Amino acid sequence: MSLRLKFKDKELELKRVESSRYEVMLERQGDIVDFAKALIDETEREVYLMSINAIDYPDKGVIELRYLFWSLKHKSIIDARTHVPRDKPIAESLIEVVPGAKPYEQEIYDLFGVMFRGNKWLRDGFFKPPDMGTMKPLLKQASPSRKG
Amino acid sequence: MPVIEIPVGPQHPALHEPILLRVRVRGEEVVGVDIVTGYNHRGIEWLAERNTWLKTLYIATRVCGICNLMHATCYVQALEKLNNIKLPERALALRTIAMELERLHSHMLLAAVMAEILGFESLFMLIMRDREKIMLLKELVTGNRVLSDYVWPGGVRRDIDDGIVEKIKRALDYIEKRILYYRDVYENDKLLRLRLEDIGVIKYNEALLYGLVGPTARASGVRIDVRKDTPYAWYDEVDFNMVTRKEGDCLARVLVRLEESLESIKIIRQAINKLPKGPIAALRIPPRTFRPGEAISRVEAPRGELIYHVVSRGGRTPYRVRIRTPSFTNILNSVFAYRDATLSDVPVILASFDPCISCMERIMVVDERTGEQRLEPIRKIVRKRR
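Those sequence lines, one after another, are chains P and H.
Its first residue numbered 1, the first sequence is counted upward by one per residue in the working numbering.
Its first residue numbered 1, the second sequence is counted upward by one per residue in the working numbering.
Any given hint could be a false lead.
[Claimed, not checked] Derived lysine to any residue pairs resembling SDA-like cross-links, with alpha carbons at most 20 Å apart:
1) P:120 / H:38
2) P:120 / H:36
3) H:246 / P:140
4) P:140 / H:314
5) H:81 / P:141
6) P:75 / H:36
7) H:86 / H:276
8) P:60 / H:221
9) H:169 / H:276
10) P:75 / H:221
11) P:140 / H:47
[Unchecked claim] Beta-carbon label-pair distances, calculated as ranges:
12) P:20 / H:191: 20 to 26 Å
13) P:139 / H:177: 51 to 57 Å
14) H:157 / P:87: 44 to 50 Å
15) P:10 / H:188: 52 to 58 Å
16) P:45 / H:177: 47 to 53 Å
Just so you know, the hints here were simulated from the structure itself, not pulled from any lab data.
Bear in mind the structure is a predicted one, so any value in this text is a computation, not a measurement.
For each residue, glycine too, the CB sits at the ideal point set by N, CA and C.
All chains should be built: construct the whole structure from the sequences, respecting the hints.
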């Protein structure tokens, strides 16, 4: 079973991977902004951003970004998967469409170093202690215990 | 009138939540709030990637003292999904009982702390006295009143007998009467209402737009509750109501919690009345390795939706454990709730989200004409005003 969403004048198919989770892969990270707009329209604003999760994959050369939304209409997680290259971790910010994305983007910048274009509140030390400087502790090669 | 910035936090003697609110006020009126984090980052996610699956369970349990069982259950549920472990009914029911005891004492704690912040110290002491009965029940069920290490992959580690069931029944009868009384106090006391009603209002659309969760969102009418939306443990076997209110103010957030406490009592009673017989764990020894894949696990913690996203590549350690706690979004995304408030409302609004922040004995004075900032002790400001 799948869910269809009007996205950029096309129909986007979201695959049902669990009883209450639909998944979609967005090839371009920048598409997340239009995807969020489409999801808000489809659910008649009955949706919220649950989390943005980052996962570092050095072997694939990417940092995966998982945008998890909860649709009250579908009683399901809408899991939008996308990624940015590790060597140039720049992403489009979602805060213009979903202001609740702000702390998630701040956290990912602080711990993974992904720069979100349009989020002016990004800073080192949002969570991590000041003695870690600009180090990104959740990247796989990071070793805070040995002071980077 | 100059805008002065008052740092509220980062330490507080009540709930010890290290976070700083930089509150800008013009006279008594709050004109803006910035939240500064980073005082207590313990690197839990980093630790999880470098410890074994089971050691990470102990780390997850210690993310939060109040809702440690919720963290343990959420993490363990993810592991059970990875290895497709089916739990015996009794284990699911016991987990539900333990989690609802945790919700009960957490909601009672907030009701008590709110009373203390509002200056109702006797009310604070009375609620804390009654809450102690729940802590004792939690000890009887899980083995410890606070950190319990009760949940294992495949089940739970302790069973309960008829004697404990009787003690739970007796204590719940008492607690139910007390919670009804406290709800009545919060609902009808004129002074409490004056301090809580129409303060820190969050509208329905704002709660969704900013991704607020748990009682904070439900007090604004948002119908979200993981226990109802995607039942886990034994929640599909018990009958209970999702408590919502429409007002979205501090009073609604307190009352939602008190009414949810009554629902928790209802859930525990049903679970112990039809507690299935049988084993309390599917496995004698939990597995040491977990299959490659990923699992997103959610539970309804006392403060709202808790998420664990666990990624496995096989082996003895998790590849990634992402934890999204409800307070992360409820605290960081709720600064708009302080609009139109007065300075004395700030701790009340903050407490209504269920953390606690302190006031340090100094303030930052900002000269709007020159932009100059300086720190001055409160005593000096008071002397100037005289």
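Against the structure, the hints come out as follows:
1. This hinted pair checks out: residue 120 of chain P and residue 38 of chain H have alpha carbons roughly 18 Å apart, not beyond 20 Å.
2. A C-alpha spacing of about 15 Å is found between residue 120 of chain P and residue 36 of chain H, which places the hinted pair at or below 20 Å, so the restraint holds.
3. A C-alpha spacing of about 45 Å is found between residue 246 of chain H and residue 140 of chain P, which places the hinted pair above 20 Å, so the restraint is violated.
4. The straight-line distance between the Cα atoms of residue 140 of chain P and residue 314 of chain H is roughly 16 Å, inside the 20 Å bound, and the hint therefore holds.
5. Taking the CA atoms of residue 81 of chain H and residue 141 of chain P, the gap is near 28 Å; set against the 20 Å cutoff, the hint is violated.
6. Simply put, residue 75 of chain P and residue 36 of chain H have alpha-carbon atoms about 34 Å apart, too far for the 20 Å limit, and the pair is violated.
7. A hinted pair counts as satisfied when its Cα atoms are at most 20 Å apart, and residue 86 of chain H with residue 276 of chain H qualifies at roughly 15 Å.
8. Straight-line distance between C-alpha atoms of residue 60 of chain P and residue 221 of chain H comes to about 43 Å, which puts the hinted pair past the 20 Å bound.
9. The hinted pair formed by residue 169 of chain H and residue 276 of chain H meets the criterion: a straight-line CA distance of about 17 Å does not exceed 20 Å.
10. A distance of roughly 16 Å separates the Cα atoms of residue 75 of chain P and residue 221 of chain H; the hinted pair therefore holds under the 20 Å criterion.
11. The straight-line distance between the Cα atoms of residue 140 of chain P and residue 47 of chain H is roughly 12 Å, inside the 20 Å bound, and the hint therefore holds.
12. Between residue 20 of chain P and residue 191 of chain H the Cβ separation comes to about 44 Å, which falls outside the hinted range of 20 to 26 Å.
13. The given range of 51 to 57 Å is respected by residue 139 of chain P and residue 177 of chain H, whose C-beta atoms sit roughly 54 Å from each other.
14. Our hint of 44 to 50 Å for residue 157 of chain H and residue 87 of chain P holds, since their Cβ atoms are close to 46 Å apart.
15. At roughly 57 Å, the beta carbons of residue 10 of chain P and residue 188 of chain H sit within the given window of 52 to 58 Å.
16. Hint check: residue 45 of chain P to residue 177 of chain H, Cβ distance near 41 Å, so the stated range 47 to 53 Å is violated.
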